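These protein sequence lines are chains S and E, in that order.
Per the working numbering, the first sequence runs over residues 1 to 272.
Per the working numbering, the second sequence runs over residues 273 to 442.
Mixed in with the good hints, there may be bad ones.
[Unchecked claim] To spell it out: a stretch of chain E is covered by chain S in this simulated footprint if at least three of its residues, at any positions, have a beta carbon under 8 angstroms from a beta carbon of chain S; those stretches are:
1. 286–294
2. 301–308
3. 315–323
4. 350–363
5. 366–379
6. 424–433
Think of the hints as simulated: they come from the structure by calculation, not from any bench.
Fair warning: this is a prediction, and the values are worked out from it, not measured in the lab.
Beta carbons: idealized from backbone N, C-alpha and C, even for Gly.
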Amino acid sequence: MASDRAKRRAWTLGVSATLVATLLYLTVGVESGVRSAINLVVSPFSWTVNEIARPVGHLFAGAINYSDVVAQNQRLRYELGKAQTALNQTWAMQRQLQQMTTQLHVPFVGSLPVVAAQVTTLAPTSFAATVDISVGRENGVLAGMPVVANGGLVGTVISTTPHGATVRLITDANSTIGVTYANSSTSIVLSGHGLNNAMGASSVALTSAIRPGTVLFTDGLRGGLYPLGLPVARVTHVNLTPGATTYDVGVAPTANLADLFYVDVVLWEPST
Amino acid sequence: MSRALVPALVATLFIVGVQLVVLTNLRVAGVVVMAVWLWPLAVGLSGSTALGLIVAGVGGLCVDAHAITPFGLTAVVGGAVAWVAARLGREGVGDLDSAAWWVTPILGAIFGLLAPALYVVLGAVVLNFSLWRGSVLDAMWVNALAFAVFARPLARLGRVVTRLSPAMRR
Chain S
1 MASDRAKRRA WTLGVSATLV ATLLYLTVGV ESGVRSAINL VVSPFSWTVN EIARPVGHLF
61 AGAINYSDVV AQNQRLRYEL GKAQTALNQT WAMQRQLQQM TTQLHVPFVG SLPVVAAQVT
121 TLAPTSFAAT VDISVGRENG VLAGMPVVAN GGLVGTVIST TPHGATVRLI TDANSTIGVT
181 YANSSTSIVL SGHGLNNAMG ASSVALTSAI RPGTVLFTDG LRGGLYPLGL PVARVTHVNL
241 TPGATTYDVG VAPTANLADL FYVDVVLWEP ST
Chain E
273 MSRALVPALV ATLFIVGVQL VVLTNLRVAG VVVMAVWLWP LAVGLSGSTA LGLIVAGVGG
333 LCVDAHAITP FGLTAVVGGA VAWVAARLGR EGVGDLDSAA WWVTPILGAI FGLLAPALYV
393 VLGAVVLNFS LWRGSVLDAM WVNALAFAVF ARPLARLGRV VTRLSPAMRR
């Protein structure tokens, strides 16, 4: 009797599991389905922990960092004023540049639509540099779109859900970006070296007029992954090993990746 | 074990919540402390291999679902941690009552040091060579330190949650 019941239970479980697996496969794919199901289970617990941890964190942060927050607020107001001034000054130049680049049939990021998004989660491990954002397919966000914030390129959308997306940061070890710099036709490939390590480029030709402080922009090459002119990084040091025929270049992202709260997704698809 | 399964799973999901909400933002030297590996260690030291493997699998998969790293890798490393810890737990090593107070922290430090390295090695096995380009050494020492500090409290929590006494170990 007990063995019949156990067999029936095993059959029911097996058939149910097969049906669920088939349904997941037909709708969203197995791995994506498993991820969605797990997110569904974990989200109430994450929400509960967040509701408990946030006030405690705010209490400590408020008690310890109050004067820092006030100082930071004053500094931000000052920088906002400076940025507003600079924006007004460069408006005419931007318009002229836009007209010129349109004539040259190259994409200009200033004319591309963007979607603002909130950063919801950082990577849960130290082995990948990613963030999750609050906009997804429903907002027109697709895999491959560039993401900008805080003064430059932040990363690329690598996966989307209807209401969210995952962005691989430019510092991730799997990130490579084609860049160039002002008055130069030289293209350089930057690569990320992990979350805590500086980005870099090797095999930069000695003829390149590159020096510390040079700002590197996406090169927007045809078929490239990014539109032209997104600021990516600033050169921090240029190393020339004795006897070498190329430079090794160290760079730091122009965007402040340590304080990502809001980002803009550029609605631009590669090869468009 | 079945009596301890439900509270252990609920505790595991809360640990995952802490991992995703608190520890992800509370980085030490840019490194995330992997509570989802420390928890299987704590449960494993109580002597239950099956329970340790289950919490490692559930916790690891939950974190893997939020990461772009190879799916299941965190769970596999957690499983290895739980298995070895359970072998030690059955021998009474790291037992909170009989062993010296410093044994559990030392074990925590060793596991915290080795787990990120194992993660990177297994990543290479599944042909993901980008993991070692991150801050593996930082991840190792930060996790070793954190595991040393929290291994004993979490082992105590594990014993309370799973309600496993030495007599019930299987």
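Going through the hints against the structure:
1. 286–294: Since three or more residues must qualify, the claim that chain S covers the segment 286–294 of chain E holds, with 8 doing so at under 8 angstroms.
2. 301–308: holds (count 5)
3. 315–323: Answer violated; 0 residues pass the 8 angstroms Cβ test.
4. 350–363: violated (count 0)
5. 366–379: violated (count 0)
6. 424–433: violated (count 0)
This entry does not satisfy hints 3, 4, 5, 6, going by the numbered hints stated previously.
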